[in-house]
Amino acid sequence: MLDEPRFDDADLHERVTIGDVAERAGVSIATVSRVVNSRYGVAPATFEKVKAVIDDLGYESSLIARSLRSQRTHVIGVLVADIEPFSAEVLKGAANALRGGDYELVVYSGGHGGDHVGWERRYVSRLSGTLTDGTVLVTPTVAEVSLNQPVVAVDPQSSESAFPTFASQNYEGALTATRHLIELGHRRIGFLGGRRDLESARLREQGYRDALHEAGIEFDAELVLEGGFKEATAAGPARQLLALADRPSAVFAANDLSAIQTMRTAQELGLRVPDDLSVIGFDNVPESALTHPPLTTVDQSIQALGFEAVRTLIALIEQPALRREPPSHVSMPTKLVVRQSTAAPRAATA
Numbered sequence: 009m010l011d012e013p014r015f016d017d018a019d020l021h022e023r024v025t026i027g028d029v030a031e032r033a034g035v036s037i038a039t040v041s042r043v044v045n046s047r048y049g050v051a052p053a054t055f056e057k058v059k060a061v062i063d064d065l066g067y068e069s070s071l072i073a074r075s076l077r078s079q080r081t082h083v084i085g086v087l088v089a090d091i092e093p094f095s096a097e098v099l100k101g102a103a104n105a106l107r108g109g110d111y112e113l114v115v116y117s118g119g120h121g122g123d124h125v126g127w128e129r130r131y132v133s134r135l136s137g138t139l140t141d142g143t144v145l146v147t148p149t150v151a152e153v154s155l156n157q158p159v160v161a162v163d164p165q166s167s168e169s170a171f172p173t174f175a176s177q178n179y180e181g182a183l184t185a186t187r188h189l190i191e192l193g194h195r196r197i198g199f200l201g202g203r204r205d206l207e208s209a210r211l212r213e214q215g216y217r218d219a220l221h222e223a224g225i226e227f228d229a230e231l232v233l234e235g236g237f238k239e240a241t242a243a244g245p246a247r248q249l250l251a252l253a254d255r256p257s258a259v260f261a262a263n264d265l266s267a268i269q270t271m272r273t274a275q276e277l278g279l280r281v282p283d284d285l286s287v288i289g290f291d292n293v294p295e296s297a298l299t300h301p302p303l304t305t306v307d308q309s310i311q312a313l314g315f316e317a318v319r320t321l322i323a324l325i326e327q328p329a330l331r332r333e334p335p336s337h338v339s340m341p342t343k344l345v346v347r348q349s350t351a352a353p354r355a356a357t358a
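My numbering numbers the first residue of the sequence shown as 9 and each following residue consecutively.
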């Protein structure tokens, strides 16, 4: 009787091959291939034996080899400019959409924060071809990219796009946020905007302006500064707003990171939130509930954006006929989340 093949931990330091699986299971490489690819012609007992060896050895067939055989990798690519709270929440939603299914997720980060227009064109080709079946672009700065596979976008720069897009109701959310401050009694309301080249930033500023107009509050350009959607870029503008001789009693920041920086800056200047200054953000990233006091914000269902984008992408992959239809542009609802960073302004005589 032949001894069973022996493998020790040192053997597993090298990449496990299909030959290793065949040797351990005592079957042919062709049989292992049929098991890996779920093909017919393998007895149930043999199938289970080979699967047990695959699990034990941690064998993974090459994505490239799989794509050459089936023209599919069953991998979804997500391209982000950087890993920050917004994109992290999108990724959570994307992962939830794949849970329990046949697709896997690969994330590629440019690591530059998306500061250059057209950054996607330099990176998206690295995900396409033999690595992924389709790509989700997060906050793209271009309206189209040339790929031979489906593409969808989350929070695009422009409302005009050649591929399906998913965004929140930025205008409506900003309108609600500003109305909240007005209803509390604030009249001098600062706005710390996002990057002006982004559609979401433009819509949020328009919502702020229109809420002031409907309340009969005159727009004051001195109270509107660009925060850039990042804590680092929001620090200076936040300090400028709060250092005004007639400073605002409330600030609406166009995203939570800018709002959190505004609260930090207020503390540095000796202002108390919300006693001296009310602050409201936009996003409802997990960090917003952890501030002191917890941040009032607009929830834009970020995980839902990632979830729906991936579901649509998979439909486009599996049903090529859908790619010939006009691209859909989905706007997800927003809602106000009231916490402790907003309150009525102190009386002028206080």
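These are computed hints drawn from the structure, not numbers from a lab.
There could be a bad hint or two in this list.
[To be verified] Think about it this way: if two alpha-carbon atoms lie no more than 20 Å apart in a straight line, the pair counts; the simulated SDA-like pairs of lysine to any residue are:
| no. | residue 1 | residue 2 |
| --- | --- | --- |
| 1 | K343 | I225 |
| 2 | K343 | Q214 |
| 3 | K57 | V35 |
| 4 | K57 | V83 |
[Said to hold, decoys possible] Here are the simulated distance ranges between beta carbons:
| no. | residue 1 | residue 2 | range |
| --- | --- | --- | --- |
| 5 | E168 | V114 | 55 to 61 Å |
| 6 | A51 | A297 | 52 to 58 Å |
| 7 | D110 | R331 | 16 to 22 Å |
Keep in mind it's a predicted model, so treat the numbers as computed, not measured.
Glycine included, C-beta positions come from ideal geometry on N, C-alpha and C.
Results of checking the hints against the structure:
1. K343 x I225: The given pair, whose Cα atoms are some 23 Å apart, is violated under the 20 Å limit.
2. K343 x Q214: OK: K343 and Q214 at ~17 Å, within 20 Å.
3. K57 x V35: holds (10 Å)
4. K57 x V83: The given pair, whose Cα atoms are some 27 Å apart, is violated under the 20 Å limit.
5. E168 x V114: 55 to 61 Å: Given a distance of about 28 Å, which is not inside 55 to 61 Å, the answer is violated.
6. A51 x A297: 52 to 58 Å: Once the Cβ atoms are compared, 55 Å apart, the range 52 to 58 Å for A297 and A51 holds.
7. D110 x R331: 16 to 22 Å: holds (20 Å)
Taken one by one, the earlier hints fail for this structure at numbers 1, 4, 5, listed in ascending order.
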